[in-house]
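Chains as they are written, first to last, in the numbering used here: chain A, 43 to 319; chain B, 43 to 319.
Every clue listed holds true.
Under 7 Å between C-beta atoms, here's a sample of chain A residues computed to sit facing chain B:
no. : residue
1   : A48
2   : Q51
3   : A59
4   : R77
5   : F78
6   : A83
7   : Q115
8   : S116
9   : P237
10  : S239
Label-pair ranges, simulated between beta-carbon atoms:
no. : chain 1 : residue 1 : chain 2 : residue 2 : range
11  : B       : D75       : A       : R139      : 30 to 40 Å
12  : A       : T219      : B       : S233      : 51 to 61 Å
13  : A       : R196      : B       : E45       : 29 to 39 Å
14  : B       : D165      : A       : E318      : 13 to 23 Å
15  : B       : T219      : A       : E229      : 48 to 58 Å
16  : A       : E226      : B       : S187      : 40 to 50 Å
17  : B       : D234      : A       : D293      : 23 to 33 Å
18  : A       : E253      : B       : G263      : 53 to 63 Å
19  : A       : E45       : B       : A192      : 28 to 38 Å
Going by beta-carbon spacing under 8 Å, a handful of chain B positions derived as facing chain A:
no. : residue
20  : S116
21  : S239
22  : E318
Hint data in this document are derived by calculation from the structure and do not stem from the laboratory. Positions of the beta carbon are idealized from the N, C-alpha and C atoms, including for glycine.
There are 2 protein chains.
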Amino acid sequence: MREAAANGQLALLLEVAGTPKPGNVDRRREYPDLRFEHFLAGAVGARPGLERAAGDGPLGEAFERAIGGMSAQSGGNTQFGALLLLAPLVRAAATDRLDPEGATSVVAETTVAGACAFYRAFDHVDVAVGEPPADLADLDVRLGSDALEAVRDRGVTLAEVMALSADVDGVAAEWTTGFPRSFEAAERLLSDDGPVSRRVSRCFLRVLAEEPDTFVVTRNGREVAEEVVRRARAVLDGDADAVALADDLVDRGVNPGTSADITAAAVFVALERGLEV
Amino acid sequence: MREAAANGQLALLLEVAGTPKPGNVDRRREYPDLRFEHFLAGAVGARPGLERAAGDGPLGEAFERAIGGMSAQSGGNTQFGALLLLAPLVRAAATDRLDPEGATSVVAETTVAGACAFYRAFDHVDVAVGEPPADLADLDVRLGSDALEAVRDRGVTLAEVMALSADVDGVAAEWTTGFPRSFEAAERLLSDDGPVSRRVSRCFLRVLAEEPDTFVVTRNGREVAEEVVRRARAVLDGDADAVALADDLVDRGVNPGTSADITAAAVFVALERGLEV
Numbered sequence: 043m044r045e046a047a048a049n050g051q052l053a054l055l056l057e058v059a060g061t062p063k064p065g066n067v068d069r070r071r072e073y074p075d076l077r078f079e080h081f082l083a084g085a086v087g088a089r090p091g092l093e094r095a096a097g098d099g100p101l102g103e104a105f106e107r108a109i110g111g112m113s114a115q116s117g118g119n120t121q122f123g124a125l126l127l128l129a130p131l132v133r134a135a136a137t138d139r140l141d142p143e144g145a146t147s148v149v150a151e152t153t154v155a156g157a158c159a160f161y162r163a164f165d166h167v168d169v170a171v172g173e174p175p176a177d178l179a180d181l182d183v184r185l186g187s188d189a190l191e192a193v194r195d196r197g198v199t200l201a202e203v204m205a206l207s208a209d210v211d212g213v214a215a216e217w218t219t220g221f222p223r224s225f226e227a228a229e230r231l232l233s234d235d236g237p238v239s240r241r242v243s244r245c246f247l248r249v250l251a252e253e254p255d256t257f258v259v260t261r262n263g264r265e266v267a268e269e270v271v272r273r274a275r276a277v278l279d280g281d282a283d284a285v286a287l288a289d290d291l292v293d294r295g296v297n298p299g300t301s302a303d304i305t306a307a308a309v310f311v312a313l314e315r316g317l318e319v
Numbered sequence: 043m044r045e046a047a048a049n050g051q052l053a054l055l056l057e058v059a060g061t062p063k064p065g066n067v068d069r070r071r072e073y074p075d076l077r078f079e080h081f082l083a084g085a086v087g088a089r090p091g092l093e094r095a096a097g098d099g100p101l102g103e104a105f106e107r108a109i110g111g112m113s114a115q116s117g118g119n120t121q122f123g124a125l126l127l128l129a130p131l132v133r134a135a136a137t138d139r140l141d142p143e144g145a146t147s148v149v150a151e152t153t154v155a156g157a158c159a160f161y162r163a164f165d166h167v168d169v170a171v172g173e174p175p176a177d178l179a180d181l182d183v184r185l186g187s188d189a190l191e192a193v194r195d196r197g198v199t200l201a202e203v204m205a206l207s208a209d210v211d212g213v214a215a216e217w218t219t220g221f222p223r224s225f226e227a228a229e230r231l232l233s234d235d236g237p238v239s240r241r242v243s244r245c246f247l248r249v250l251a252e253e254p255d256t257f258v259v260t261r262n263g264r265e266v267a268e269e270v271v272r273r274a275r276a277v278l279d280g281d282a283d284a285v286a287l288a289d290d291l292v293d294r295g296v297n298p299g300t301s302a303d304i305t306a307a308a309v310f311v312a313l314e315r316g317l318e319v
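Generate coordinates for the entire structure from the input sequences, incorporating the hints supplied.
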C-alpha cells in the first residue's frame, strides 16, 4: 500500500499524464513556456511538503513547503491549486478520515499561522487570481508575505481565508464545503475502467462540464468559461470531439486549471480508496 | 537546488517523458500491459530508496528498497536497470564525488551484504536476464534470495557480482568501468538545447546507436540488436525517421531497455551538473 504522500505525488503525475484534457498541459499538448516536464519537476519538488502534510506538524507550513518545492522549475505555477486541495486531503488520509466530514475537520483545525504560511506560499510563484473586494484589499493574496500583518491583525485562520474567496474560486469552494466535487469525481474514477490515463481524461471532462472553471473566469472571462462548459458537455454527449476541443483551447490559451486541480484531488482520493495503477 | 534523491526521481520521469524513444514506453507509445502510468508509479515508489541511496546507510539495501517501491504497480519491471545505475550515482552525488573516479569508489565500497540485498531485489519483480555460465549457476540472479547462501559462501561483493555479467549486460558494464556512457551522454544533454524532453529523445538515440542494447540481445537476439543500432544510426544521419522507427520497434516488441537505463542515468548526472528544467 502506497503511503498518503506518495499517493499525493502520484495523483499530480497521473493528472498531467491524462490525455486529452482540453486546454491543459498533458502528455500530448504543451504551451511553449509551460511544458509537461515542468509538471514532472513540480511533482518531484512537492514531495517533501506532501510528506509534511501526512505528518503531524502544522498544515499551512506543509503547504508552503510543497509550493516552495513545486516552484523549483522554470515553468512557473504548475500545481498550486492542486496542492492546495491535496494538503488537507493527504492530512485527512494520514489520520484515517478521508471523507467529507474528516476533510472538513482538517480544514476546521487550521490556524492564523496556517493562513500566514498560505500567504508566504504566494512569494514563491505567480498565481493568477482575481481582484479582491475593496474592503479586503489588505488580504489580497497577491501581496504574499506583505499581507502578514493584516492577517494577524484580523486574526483570520486559513479556513477563513479560503471562505473569503469561495464564491469566485473553485478550489476555495471545495475547502469550505467538504470537497464534494473531489469526492464525487473520485467515485467516478473508481467505477470507470481501463488504463488510468484514459480514466483521468474522462474524469476531467466531467468536472469541466459541471460548472464554469474559475481559473478560466479569472483569466479569460465568464463568457469563455461558459463556452467551455457547453463544449465539454457536447463532448460528453458524443456531439463533439475531445481532441479537437483540446487543440482549440490550447491554441487560444484557455487553460481550465481549476478543473485540473479538482481532477488531481479526485485521483488522490481514488488511489487511497483502491484505484490500481 | 534539488537534492540528489529528488534529481534521481526526476531523471526517471524525464527519461520516460522523452519522445520519441524508439522501442520504449514514452509519452506517446505504450505496450498494452506496460504503460506510461506504470513508470510514473514506479518513480513515485522508488523515492524512499533513492533517499536512502543519498544517505549513509548501505547502498545495496537502498537499492533493494528502491526496487521494492518501484514494484508497487501492476506493470512489472519498469526501472530496475535505471535504479541500478542511479543508486551509486546518487550516492556519489550526495558525497560530492559525481565523476567516474568517485562513482568507481562508490562501487568499490560495496559489500557482500550489498550483494545479498541485490539478490533480494529480484524477489520483488521479474527481470529479463540471460542464462549465467554453468560454473556460476548458483549465482543466477533469477534465484533471488534463494542464491543468498551461495553469495555468502563465495563471499562476493555487489561490485564483484556486477563484474560477473559486465560482458553481457550494459548496466553491469557501466558499474565496472566508471559509468563512461552515462557521463558522456550527460555532457551531450548539457551541450544540447531546447525542451528537456526533446533533448532526452536525442540523447537516447545516440546511446542506442553506440552499441547493441544488451536487453534487446537477451530478449530478441543479437541480430535484432544489431539491426536497431544500424537503424538508430540512420536516424542520426538523417536517413530515417525516429517516429517511424519508434512505431516499428513498439509493434515488434523490441524494447531497448538498457539504452533507456543509461539515458536515465545521464539525465541524473546532467541535472546534478546544472541542466535546467
